[in-house]
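In numbering that gives the first Met the number 0, the protein residues as written are 0 to 396.
Worth double-checking, as some hints may not be accurate.
To be verified - With a straight-line Cα cutoff of 35 angstroms, these simulated DSBU-like cross-link-like pairs (lysine-lysine) come out: (1) Lys395 x Lys269; (2) Lys390 x Lys269; (3) Lys127 x Lys395; (4) Lys390 x Lys127.
Just so you know, the hints here were simulated from the structure itself, not pulled from any lab data. From a predicted model like this one, the values you see are computed outputs, not experimental measurements.
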Amino acid sequence: MTRPDYSSCTLEELRDVAAHIDQAEYPERYAEVQHQIALREQGTGPDPADTSGSENTAEQMPGAHEVTFTGSGGEFFRIWIVNLLLSLVTLGIYSAWATVRNRRYLYGNTDLDGSRFDFHGSPLAILKGRVIAVVLFIAYAFGGDFHFAIPLVALSVLFLGFPWIMVTALRFRLSNTSWKSLRFGFTARPAEAYRLFALPALVMLTAYAGMIVFAFDGFQSPAPPSMPVFLGWTVILLLVSAWVIPVLTYRARTLIMNNVRYGNHAFTAKLRSSVFFTAFFQALGLGFAAFLVIAVVMFLAMMVLFPFAANAEGGLVMGFVFVVIYGLAVPLYLLPFAAWHVLTTNHVISSAQIENLRFNMAMQVFGYWSVLVSNAIVAVLSLGLAIPWTKVRMLKY
């Protein structure tokens, strides 16, 4: 792994690195940091904070740096397949250690300004979280065999605990991620997440509860359910979803980006909710267009093949046509998801900054979509064995 260059760091930054660096894991880096600190304190070393009268001022100013991924599919496959086999043999227990190995490889091959990222998380901490998740899943899936309230309790715990889970998971992941031996952090509190998510979640729950009550009354009543009422509730759910999804995403991204820290340096991002609404309706329009294309293709195929349906070969032809239609449907339905991801992610990253440093992301919808579709095809045809290659390919994109 490439050693970080600390010669361009200020005294404050060096002290911050020294306070967070793992001396046992990186003794050479720690010694270099202490050496640079001594030079700054003696006044004999370079001080990037003082550029007055320097001929190298232009060189000291931050330039544009691109994040690059240097790993290979073959290397990652060897790690991935061993992790998979050990996880199967240990009934999933080793999956926590597998996660740490995967992240260390992926982070360790992500380069920015000549330095790699690193992950320091403990597998035991990850395992504890997964044990809790498995217990909740078992309670939800099978608890009804013992008492009808158990699945409801498990679902309520998961729903009510989601903001706390999100904040805790982000704090764990970021505090165990480092670059140039200086760790990231996450300063948001669960209470802040609950405050931001409370209203959208309440609106969504109220709408779904009304729909469930209507459906339950329809099953209990001998009279057929009222179609206008059903359509009314459907429209209400669609409108609520069209408001809740962009709002929740906007608030979650705002919470995350404005609470990430790198050492003592805070990230900030001024996001616009209008971008998320625009992206949502563009994705919705693409989804509707994809549905129309698939419906037209199915209709034309049925019209052409209907006369042959009674023949012996008709069943085979119909089966082949439906396979082709399904193969067309999956890529088309991935397009709205690609549009939503690209449009929102570009906005979030390009709006972020840390002090005077800004970020930029300019993914293209169809470029990302083509990688997504080709990765899905390769993963299916390889029965999942090509997943490491698809992961590396997406990271390099």
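Going down the list of hints, with the structure as the test:
With a C-alpha separation of about 27 angstroms, the suggested pairing of Lys395 with Lys269 holds against the 35 angstroms cut-off. Restraint check for Lys390 and Lys269: the C-alpha separation of about 30 angstroms stays at or below 35 angstroms, so the hint holds. Pair hint Lys127 plus Lys395 holds up; C-alpha atoms about 32 angstroms apart against a cutoff of 35 angstroms. With a C-alpha separation of about 26 angstroms, the suggested pairing of Lys390 with Lys127 holds against the 35 angstroms cut-off.
Of the numbered hints listed earlier, not one is contradicted by the structure.
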